[in-house]
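**Student:** Take a look at the letters that make up each chain.
Protein chains: 2
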Amino acid sequence: MKKTIGKSLALYPTPLVVVGAMIDKKPNYLLVGHLGIMGHDHVMISLASNHYTNRGIKENRALTINLVDRSMLKKADYVGSVSGYKIDKSNVFQYHIGITRTPIIDESPVVMECTVDDIYETSGFENYICKITAVHAEDNILNETGKLDYSLLKPVLFEMPTYQYLLTGNVIGQCLKLEK
Amino acid sequence: MKKTIGKSLALYPTPLVVVGAMIDKKPNYLLVGHLGIMGHDHVMISLASNHYTNRGIKENRALTINLVDRSMLKKADYVGSVSGYKIDKSNVFQYHIGITRTPIIDESPVVMECTVDDIYETSGFENYICKITAVHAEDNILNETGKLDYSLLKPVLFEMPTYQYLLTGNVIGQCLKLEK
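From first to last, the protein sequence lines stand for chains L and S.
Each residue of the first sequence is one higher than the last, beginning at 435 in my numbering.
Each residue of the second sequence is one higher than the last, beginning at 435 in my numbering.
Treat each hint with caution, since some may be false.
Because identical chains share one entry, a pair is satisfied inside a single copy or across any pair of copies.
Claimed, not checked - DSSO-like mimics (lysine-lysine), calculated; alpha carbons at most 30 angstroms apart, straight line:
no.: 1; residue 1: LYS492; residue 2: LYS460
no.: 2; residue 1: LYS459; residue 2: LYS520
no.: 3; residue 1: LYS520; residue 2: LYS441
no.: 4; residue 1: LYS565; residue 2: LYS492
no.: 5; residue 1: LYS588; residue 2: LYS508
no.: 6; residue 1: LYS509; residue 2: LYS581
no.: 7; residue 1: LYS611; residue 2: LYS588
no.: 8; residue 1: LYS459; residue 2: LYS565
no.: 9; residue 1: LYS437; residue 2: LYS459
no.: 10; residue 1: LYS581; residue 2: LYS508
no.: 11; residue 1: LYS581; residue 2: LYS436
no.: 12; residue 1: LYS492; residue 2: LYS508
no.: 13; residue 1: LYS437; residue 2: LYS460
In short, the hints are calculated from the structure, not lab data.
Please take these sequences and the hints and turn them into a complete structure.
**Tutor:** Following this line, the structure appears as structure tokens:
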């Protein structure tokens, strides 16, 4: 029997990422769990309008999306806990600069370099509609055909109702090929 | 060492949902894995423009987002494998009609009733920007404070690179409260 629980955002868990952007020639980072996939060529990153990071993204129209695995979770949690207005986060991660002149976190298993195509505003939020320029992935999480294998990668996921981090679980089937 | 793997959509895994809509007074269903959260009051559902389901959503400006758990995965996979243009899917799930006159799947552990606020178009896709009207959840996946507990719910997740369904894994930490 179902209970009605108001207008909760219930569409979890979502992949947890660190968004990277350059501000005044230095990298800055922000932990983000509200995001999505639009069609086959765009991804969306949703940021409260008052974040420091937004300044860099808007100036350069570019950002990186760095997937978080368990080994980098403490640092990822840290960059989500302090603001770039007060604290210089440029030295938290090892990084190098990519094609789009944005910071690629070396510790992240998968990094998407993106350009910003559009900004869609909702109440108090800027939702960045991004085009993918290049994806960089660690060798050991690619399968023999060169595709990402999420059962090896096991990204950390986020859900807001209880503010928990969860691991990606086991594979339980193949899309459109389930036993009927 | 990272390898560059082109312009892959790498932002997985995503929650797997069945989108429900009414078409000609009958419910119709579609399996969706491309979606997202925008700010604190909107969710986004991304559908290829030629789906049958889109007709009903556009006529009624309303839809349901039915989260998929393991017990309903076979039926969910089925509604993703056949088109409403050819097959009547109205009897696949037990359902009842909600406040927004859209079908609430009884087998789904969490159902969000939404109205469509806007449609954002990307190449070949309609991305439905939705406002949440009401969320209905099974009693046994709520914690003592009435919040959704994803470690009990364990939604099925989707990733496109290898077309796999994955379970939600274990809790590994609390956001902003990790041991430093």
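**Student:** Confirm or reject each hint.
**Tutor:** Now for the hints, and whether the structure bears them out:
no.	hint	result
1	LYS492 x LYS460	within (15 angstroms within a copy, 45 angstroms between copies)
2	LYS459 x LYS520	within (17 angstroms within a copy, 56 angstroms between copies)
3	LYS520 x LYS441	neither (34 angstroms within a copy, 35 angstroms between copies)
4	LYS565 x LYS492	both (14 angstroms within a copy, 26 angstroms between copies)
5	LYS588 x LYS508	both (16 angstroms within a copy, 24 angstroms between copies)
6	LYS509 x LYS581	both (27 angstroms within a copy, 27 angstroms between copies)
7	LYS611 x LYS588	both (22 angstroms within a copy, 21 angstroms between copies)
8	LYS459 x LYS565	within (22 angstroms within a copy, 38 angstroms between copies)
9	LYS437 x LYS459	between (51 angstroms within a copy, 25 angstroms between copies)
10	LYS581 x LYS508	both (27 angstroms within a copy, 25 angstroms between copies)
11	LYS581 x LYS436	between (39 angstroms within a copy, 13 angstroms between copies)
12	LYS492 x LYS508	within (27 angstroms within a copy, 44 angstroms between copies)
13	LYS437 x LYS460	between (49 angstroms within a copy, 24 angstroms between copies)
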